[in-house]
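> Starting from the structure of chain Y, add chains F, L and G with the ligands where the hints point.
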Amino acid sequence: AGVESDLVAAQKARIAAFKTAPKKRPHVAFVSNGVADFWTIAKAGAIAAGKDKSIDCDVTVEFPGGGLADQKRMLEDLVIKGIDGISVSPIDPTNQAEVLALIAEKSLLITNDSDAPKAPRLCYIGMDNYDAGLMCGKLARDGCKGGEVAIFIGRLEQDNAKRRRQGFIDGLLGRAPDATRYDEPSKVITEAGYTIVGTWTDSFDRAKAKANIEDVMIKYPKLALMTGLFEYNSVLAVEVIKQTGKEGKVQLAGFDEGADVIAAIKEGFVLGTVVQDPYAYGFESVKVLSAFCRGDMSMVPASGVINISARVIKKDNAESFWKDLKAKIAAGKESGKAPSKNSGK
Amino acid sequence: MKKALGIIGIFAAIFLFASIYGDNFLTGLNLQQLTNRAALCSILALGASLVIVTGGIDLSIGSVVCLAGITTPWLLVEKGWTPMQVLPLVLVMSAFIGLCHGLLVTKLRLQPFLVTLCGLLLYRGIARWMTGDQSQGFQGEFGDVRALALAKFSIPGIENYRIPATVIPMFVLALLIGLFFSRTVWGRWLLATGRNESAARYSGVPTARLITLSYMACSLLAGFGGMLFIFDIGSAQPSDFGNFYELYAIAAAVLGGCSLRGGEISVVGVLFGAATLQVLRTTITLVGLSSQLEFAVIGAVLLVGVAADELIRRFSARRRERLGAPVSA
Amino acid sequence: MKKALGIIGIFAAIFLFASIYGDNFLTGLNLQQLTNRAALCSILALGASLVIVTGGIDLSIGSVVCLAGITTPWLLVEKGWTPMQVLPLVLVMSAFIGLCHGLLVTKLRLQPFLVTLCGLLLYRGIARWMTGDQSQGFQGEFGDVRALALAKFSIPGIENYRIPATVIPMFVLALLIGLFFSRTVWGRWLLATGRNESAARYSGVPTARLITLSYMACSLLAGFGGMLFIFDIGSAQPSDFGNFYELYAIAAAVLGGCSLRGGEISVVGVLFGAATLQVLRTTITLVGLSSQLEFAVIGAVLLVGVAADELIRRFSARRRERLGAPVSA
Amino acid sequence: MLPAPSIASDKPVLLRVRGVGRRYAGVTALADIDVDVRGGEVLAIVGENGAGKSTLLKILSGIVQPSEGELDVADESGQLCPVELHGVREATRAGIALVHQELNLAENLDIAGSIFLGREPSRFGVLDLAAMRRASKSWLALVGLDLDPGTLCGTLPIAQRQLVEIAKALSCEARVLILDEPTSSLSAPEADRLLGIMDELRSRGVAIVFVSHHLEEIMRIADRVIVLRDGRTTGELARGEYDRAAVERLMVGREIVREERRATRAGGAVRLRVEAVVGAHQRRVPVSLEVRAGEIVGLAGLVGAGRTELLEAIAGVTTHGGRVHLDGTQLVGDASKRVRRGLGIVPEDRARNGLFLEDPVSVNMSMAWIGRHCRSRIIDAHGERTLVGRMVARMQLRPTNPARLVQTLSGGNQQKSVIGRWLAVDPGVLLLDEPTRGVDVGARAEIHAEIRRLADAGSAVLFASSELEEVLLLADRIIVMHEGSLMGELAAHEATRVAIMRLATGGMQS
Ligand SMILES: Nc1ncnc2c1ncn2[C@@H]1O[C@H](COP(=O)(O)OP(=O)(O)OP(=O)(O)O)[C@@H](O)[C@H]1O
Ligand SMILES: Nc1ncnc2c1ncn2[C@@H]1O[C@H](COP(=O)(O)OP(=O)(O)OP(=O)(O)O)[C@@H](O)[C@H]1O
Ligand SMILES: [Mg+2]
Ligand SMILES: [Mg+2]
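Chains as they are written, first to last, in our numbering: chain Y, 1 to 345; chain F, 1 to 329; chain L, 1 to 329; chain G, 1 to 510.
Isolated chain Y, as found in the complex (with noise of 0.2 Å):
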């Protein structure tokens, strides 16, 4: 621990070397833990705040797309480009130390979007993956009184995505939020009325993914409602709930903002869908690396955790919500199309 603190202190006495001597254009990167809309639309917002104003500053955004070795050698890569801050979604924070500590050493830390408090990061900005699985839970139990319950999700390795689907669970059920709480995913569980018959992965692949819909859906006919933890899953449910005719007898409850979910809770089969903010994970990445190298801290706050919040949508704010969506992925992809690139120099 020692170490990490040491860390931190060299980090913020650079800082306030900063305040001296401020970086004239200074070149921040954000990096995903690997590639989706989600990431898409955080890649929008970081480019935006770099064009903005009273922000300015060169960024790179990488989407490492081979899991954890991958992301590991672009954050080495971009240590030696000589980057002044880097904002990173750690795939794996507790086994990552080194490569964490290594940015620490060389460059400025910041996590976004899935946390690593022990690491010598200066801030976290996101949301808590526990709280929001527990809105979607919360959610689901509010629009489905009981019944057999199936829970599809991309990959559970990652800690985001235990969290999400922990807390959907503890929603669900109506137990006391505890986010410390592990359920095996191999295990039913029969409780409060609902049976959640079981968890299953596809590992980003779709076809499978929708293969795995199906396939749950025929072994158990009765199923009463299913969620998607991650954006395509919930996507694919949509999918396969037209394509099966069975709308309004399997409910659904969403996570992210895929297209077609927005439409489906228009058109009232979904029960709603629990939506982060991944444009403002990217903007205030920016914002604040870009402030460090200036040498201000100030918007810091204490606890380390820069929050932004999950909100839901249902069927009566999904219309204003995607609108809003779409203006800010047009904005960021007018401002991205040339300068996602206007590191060389």
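Take these hints with a grain of salt, some might be off.
[Said to hold, decoys possible] With a straight-line cut-off of 27 Å between C-alpha atoms, the simulated DSSO-like cross-links for lysine-lysine are:
#1 Y:Lys222 to F:Lys107
#2 G:Lys337 to F:Lys2
#3 Y:Lys12 to Y:Lys51
#4 F:Lys79 to Y:Lys242
#5 Y:Lys328 to Y:Lys246
By construction, these hints were calculated from the structure, which means they are not laboratory data.
Relative to chain Y, chains F, L and G with the ligands alone:
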């Protein structure tokens, strides 16, 4: 046909197991969905087998699936093209990719593994770059085009089971390829080329042209399959759509009796190879095994299956030999 | 050595490009990390080349990397074993996997592609099931064992660049394998087996045993590499650790001059093949290309590289022929 | 350029070659060749191994393109027009068909498919399978092969494959038929039949170009002989102008000494004992025999008699029933174990089972030696180099450069390098299957001498040959096989062609 017996046996065993131990396996809806998946996988596997028969390999199938599958909704939705423009374009693009592979393999004599591995990296990269890593979908539109993959035809007298539209291209392709190899001159030539290229060349067979055409056909089928896949699924993410599909396609072909040394094919076998893979995956869910175990089970079952097939073959050959009469010269 | 010239040229070109256009490419730290990555990749590629030289293929490399890499911290951290127990066990397990492949290929005469494809599915499946899909890591402990991969040795007089420990096994292995093929009877026999298995058998070469040993060595190196990888990275997820590594390993071997038809190897080439892949990836980041384009660029560069190599080779061969000497009896 | 061929003839020229040469990197295989190929005539090309015969024939049939010179082909009216043959297709269109020296069949096709490969009877690309079978049956009957046209080529023994290839060439009904050592793997009756067919075709006006190392065949059939040496023409002789001695003089620059049969040896202790061996291919007849130290035993028989199968069983390259003893102890396991005990086998199909075509001569030659002599398993590079040098000289390999890839050697030299591999290790028991297939007259005598030397040093030699002459010359004792069983045994000094043939066709020993 004889080559296909092994995989038919394996298929039957798994099917039987699933019928007994899988929940609702023998329901119309499940069989309907299985038929659909098997048909899609077969189209890729048939393409793969066309290249394998030349003694080559195509590792880019999955990436061509991705590129074709992503381009289709991208052009339709983002660029606002009409289906009548998009579908031919995507197919031509796929065939062109295959043409490049074929020319690199036959003219420059590069190793097929290397050429198509570069393809694997390249086409997915292009798809990701083109779309900016955004997932592409039909956003609820284009139901009429998607019907190409989604339509189902009722059979009079049978309830619950309707034939998925994807079965039609599968059967047509299987029939064409089967006839091609058993009845046409070019099929003959391709078989000869795959086994002994110099013998074929010395017999005046235009081997380079045939090999090039095989690669074209393979990529064309991959592109066509990719289109059907996306019609079926509705949306896809460029970074992971079609990952590993080449391995499944090649596995189906090899299970179905194609030899990677070339010159051997069994269309029936390839269809059963593809079906086996799909039934196996569904069985795992319906029997209630954890999805973590899915790959382990598929690997183990296939390995045991092919090993058993080989042992049975050997055993019966030895028996026949023991009972056999002396050869009359 | 001559076979390696092509890839050395490609490597040099990329290296030059990166030195000019990449930010901080020629810094000690970067070169140090590159050396480390290239060494790790080389170990897998050397293993792959041992199988390729027999005319076979090992698709299970990535999964063996995964299984060995995941088992190591799992046993150490979760099960509380000591390193002295774990390391030998993991290596023996890897070699045993290879033994099974070899026996299935030589005794049952199953196709290597099929056997190792089943392996690809099976071992990753086992790793996922064993760990319940939880990522495994050292949680900051076991620094002494991890030093096997993480230690760096300073060179007197050179600052900033310290030699990574992984270079040692790489060099030892490369040297051993190089000597094996150039100096020992078994190496000669293995090459002969790859060239023409039947002729080798008629010459009294114990082909089956040699092939089995190649598969064992390949899996052993994959397991060893997997261990070093996890020591290096610190943690890994069973579901994606080592994905596609077999393709990289085989690509490095093939780029380095191994022919998938067997009977050809160039150890120097394989090392440069592995290094080329790593330098290329880093270059993309340091030049500032978007990571979406990473794969597209790798694919395109490799394709252009091997095509150019082939064209140059042809051109110079034609020149040599045109200058052909007079009759020599 | 040489003056036009001296021998005038009234027969029409179908193919004319002027100043043709072919260079490979660093080697000139052929230079300044002028040949007229005439309809209704058998033109024999003779020369030592590596003289350039196959290269010339390949140029004539479009497989190899000449580095210089030109080819003229007669059109319908008999007018000679210059052509460039870029491939087999064009040659076929010009009416030229070739039987290769090395076998070239796609083993996954059936006989009918192989015969018609590239020229399948079809309508709009759809095969006429029935017509193919029907036609191939008659072609097979012509070459004397009584097999179902649906048999897969991969299962045929080498002689039958050769006959299929001949049937394939005949079925082209070409104007110019080119045969590169077609008789090298045939036994006497098949070869006789082929010569008969050639005679028949000649009378129909077909031009035949024929290569053989059996001068008696040349004497029988050829109208004209062209002799090549080191890639150049050394003479062209018309029928009646030549005899054996004249041809040999042109070939090697001197007369070849007639090979003599050595005095029969009684032999020493039994080295190889074969007890009730049953081969792998459904041969049900157990075979037993013995070979003593210092003895050379010949296996005679017709095509498909089972000699190859027997030798392969003894060597352990195929599984077999029964027992094989070497020096009194039983040999078990596969070939590698038996080779370690001192056995060696020269296979019948050198391309498939003998050679590493993409490797240099040195590697091919030392393949058995490294296993036997490098006890520490480290290759003794110096020893290897000396050995290869010695063996290249002993086998009179040409070219002598041991770094040449074997695939660039001529057929006869390839054969020599396989035999050299085993002579280098002085095996206790050497099995040879058609040891001198494709080897020229002079080199054959040398190889025979080497084999005798080996036997004199105490080894046991068992060889199979389809050439009666070779069996009679080389063997001390002759064993005749018919349909898989041993029909009888003859001491060499009392054996005659007639006696052997009677046994080989299933007759009883008189
Ligand atoms: N691809 C090649 N590269 C280099 N040299 C070659 C090649 N092909 C043939 N040669 C050389 O050309 C010469 C003539 O070979 P060719 O095969 O024509 O001999 P041949 O008269 O048919 O002999 P044989 O009686 O042994 O069949 C030989 O010296 C051979 O080494
Ligand atoms: N791979 C095989 N599969 C089935 N039968 C075979 C195979 N090889 C050989 N035979 C059969 O075994 C018999 C003996 O063949 P073998 O090659 O031993 O004869 P041979 O006396 O050496 O004659 P030659 O070499 O002149 O053809 C043949 O009739 C052939 O049909
Ligand atoms: Mg020749
Ligand atoms: Mg024989």
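> State for each hint whether it applies.
We went through each hint and held it up to the structure:
no.	hint	result
1	Y:Lys222 to F:Lys107	59 Å, violated
2	G:Lys337 to F:Lys2	35 Å, violated
3	Y:Lys12 to Y:Lys51	26 Å, holds
4	F:Lys79 to Y:Lys242	26 Å, holds
5	Y:Lys328 to Y:Lys246	33 Å, violated
The structure shown violates the earlier hints numbered 1, 2, 5.
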